[in-house]
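Heads up, the sequence shown is in our numbering, so the first residue is 4 and it goes up one at a time.
One should not assume that every hint holds.
Heads up, simulated DSBU-like pairs for lysine-lysine below, C-alpha to C-alpha not over 30 angstroms straight-line [said to hold, decoys possible]:
| # | residue 1 | residue 2 |
| --- | --- | --- |
| 1 | Lys-41 | Lys-139 |
| 2 | Lys-139 | Lys-98 |
| 3 | Lys-41 | Lys-57 |
| 4 | Lys-95 | Lys-41 |
| 5 | Lys-139 | Lys-95 |
| 6 | Lys-216 | Lys-179 |
| 7 | Lys-95 | Lys-179 |
Derived from the structure by calculation, the hints contain no laboratory data. Keep in mind that this is a model prediction, so the values were computed, not measured.
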Amino acid sequence: MMKMTSKEKSIEKLHRKQGGNSVEKNLEYFMEHNCLHKICGVLMILYAIIVGLKTSAPIMQDYSRVLCFTESVLVILFSLEIIMRMLAIGTKFFKSGWNIFDLLVMSASAISESAGIASIRVFRLIRLSEVLALSKHFRMIAASLIRALPGILHVAVLLLFLFYLSSIVAFELFSKTNPDLFGSFSQCIYTLFLMMLGDNIGEVLPRVMAVHKHSYVFFVLFLTVMTFTMLNLFFGLIVDAIQAVASGRDNKEDDNQLKSDGLNDQFNKISKRLDKIETMLSNRNE
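The task is simple: from the sequences and hints, build the whole structure.
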């Protein structure tokens, strides 16, 4: 037997109170069932796999009919799901952003099968986040990223400022001697960005140092600040946020445990008092 969620239990209670005769209520109960959400999640994952397989030319040569047929069946099932959801909850359907998003994506792709319009149904794969949200660990990571977002934005602004400043300095120092690498501001940004990723350090440094012998000082400072310091700040913020969220969950569980222990202690005290009262009453009767 599958355990019912609190949402399903509340819908079932409302369904029983209203007699359960309404088709809409039966459909609403069916659409909110946890099992149906899991089935839709599996179909969404299958659709994502098919979209990925269709990008391979050899696979499309051998299995194009099967993949296109399966994709069409899944699109029909997704459309039926949206229609059933609209029938189940009525005007409440448009109060959810996800519902409106699904309706727009599927309607636009159904109107035209041209490559540009039909391909927007791929954006529905964003709803895979709902499937991932079923995992407690994924919810903790998502909450951690949201918690770290303000700090990440501040570090990103500082990183862009330092990158902009380094590009100007590189242009002033090396634009005349190495115009193919630092001939313009955009080329400076591109070259320094690749160096920050560690892609072309061995190619750039020898060419620049052939003319500017002490240019390594600039590049060492740039790589130290941008790569080892700033990027580690990103990781540090995310790790701190994950630890804070995890410790918050642990504290909440501890509080719940303390509350339950306190209730158990109160129950034991009441039981002992009732036992004493029962003993006193029995002695009086004797």
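*Compare the structure with the hints numbered earlier in the document and write down the numbers of the violated ones, lowest to highest.*
7
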